[in-house]
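As a plain string of letters, each chain reads:
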Amino acid sequence: MTDGSAPIALTAHLAWLSSISFGGIPTVLPYVRNFVVVTHGWMTDQDFANCFALAQSLPGPNMILMMSFIGWKVWGIPGAIASALATFGPPCVLYFAAWRLWHRFRAAPWQRVVRGGLVPVTVGLVIAGGTVMAHAADADWRAAAVTVGAVVLMLRRWLNPSWILLAGGVLGGLGLL
Amino acid sequence: MVNDRQSTEPVSLASLFFAFLKVALFGAGSGIVWAHRVAVEQRSWLSEEEFADILSLCQFMPGPNVVGIAVCVGAHLRGAFGALAATAGFVLIPGTIGFSLGIFCLQYAHFVLLQHILAGMSAAAAGLLIAAGSRMLTPHRKRWLAWITATLAFTGVVFTKLPLLLVLFGAALPGIGGTASGRPRPQ
Chain Y
1 MTDGSAPIAL TAHLAWLSSI SFGGIPTVLP YVRNFVVVTH GWMTDQDFAN CFALAQSLPG
61 PNMILMMSFI GWKVWGIPGA IASALATFGP PCVLYFAAWR LWHRFRAAPW QRVVRGGLVP
121 VTVGLVIAGG TVMAHAADAD WRAAAVTVGA VVLMLRRWLN PSWILLAGGV LGGLGLL
Chain D
1 MVNDRQSTEP VSLASLFFAF LKVALFGAGS GIVWAHRVAV EQRSWLSEEE FADILSLCQF
61 MPGPNVVGIA VCVGAHLRGA FGALAATAGF VLIPGTIGFS LGIFCLQYAH FVLLQHILAG
121 MSAAAAGLLI AAGSRMLTPH RKRWLAWITA TLAFTGVVFT KLPLLLVLFG AALPGIGGTA
181 SGRPRPQ
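Chain order of the listed sequences is Y and D.
Everything in the first sequence is counted per the working numbering, starting at 1 for the first residue and increasing by one.
Everything in the second sequence is counted per the working numbering, starting at 1 for the first residue and increasing by one.
To be clear, the hints were calculated from the coordinates, so they are not data collected in a lab.
Some hints could be false.
To be verified - A few chain Y residues facing chain D, derived, Cβ under 7 Å:
1) Ile8
2) Gly24
3) Gly60
4) Cys92
5) Tyr95
6) Thr147
7) Gly169
Said to hold, decoys possible - Some chain D residues well away from chain Y (every beta-carbon gap over 12 Å; in silico):
8) Glu9
9) Pro10
10) Val11
11) Ser12
12) Leu13
13) Ala14
14) Phe18
15) Arg37
16) Val38
17) Glu41
18) Arg43
19) Ser44
20) Ser47
21) Glu48
Glycine included, every Cβ here is placed at the ideal spot set by N, Cα and C.
Could you build the full structure based on these sequences and the hints that come with them?
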């Protein structure tokens, strides 16, 4: 599959990305894809999209699961464990440190300013993550139509997200995509 | 550690572990909703304000947001050990179950039917992510600066090959600068 340095490179890269994933792991998905699909060719776009779809539809911590699937593809079970740890380990330390500082500075005006400036950035990053995932997943216009349909249904809050995923799976399973 | 919870009994590490185990198992796709339900409504560990505080901290910190909620709730109730217990509850068992199920599916991913199902689900899942991002903009939709910084970040990722840190700073600096120079919004 790959030489011995691959798991280390993947783990180190995931640890770095998770430490700067302001707004959540989905904000760095395009960079994970770039690293594993484009730069190293460890998996195809379709594999990457599969990992994402499975992680979103299974119970449990989705993004940690997704990275463990990627780690598993590159280096089996040890790769999965290393990738999962790299995804939540560094952020956990940051969360804990931030929590201790939070109360001390909660009234500070700069905190409102930083949040007001940073939240829209994370919005742009999350939408970009979704767009890159759509690009990886949507082979043709019919799959793209499913993506657009999912956006609309989710924004209108007509359906629970699990039903939207299920509907996508059913449409695909019936061979309509 | 003193806090303003109603009950005086310290929360046990085991109950933190099981509370977040429950959040992970039931909260597929909506962990934040379940974290709120368990920590605020069912166990009264936190007030609404305390939960909102934790949530807003976790939403802009790096990392998986719901894990952040586990760390903060655990730390709030029982310090470092509480954070460890809550995180372990959230990750260990649900992660193992989800991983086994996922690997089982991935091993059969070459079967045509499963391939088609996965293709449909990944198209839908990409849409859910786009919608979730768009929704986060709702509280900021009246600030044109928010639209500009969001667009900058989006463009930086999708249309350029710039490293993430550069995109982050490039979009965050005008955003933070503009927010700092604007008048304070009434909350």
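Task: Unmet hints by their number, sorted upward, for this structure - done: 1
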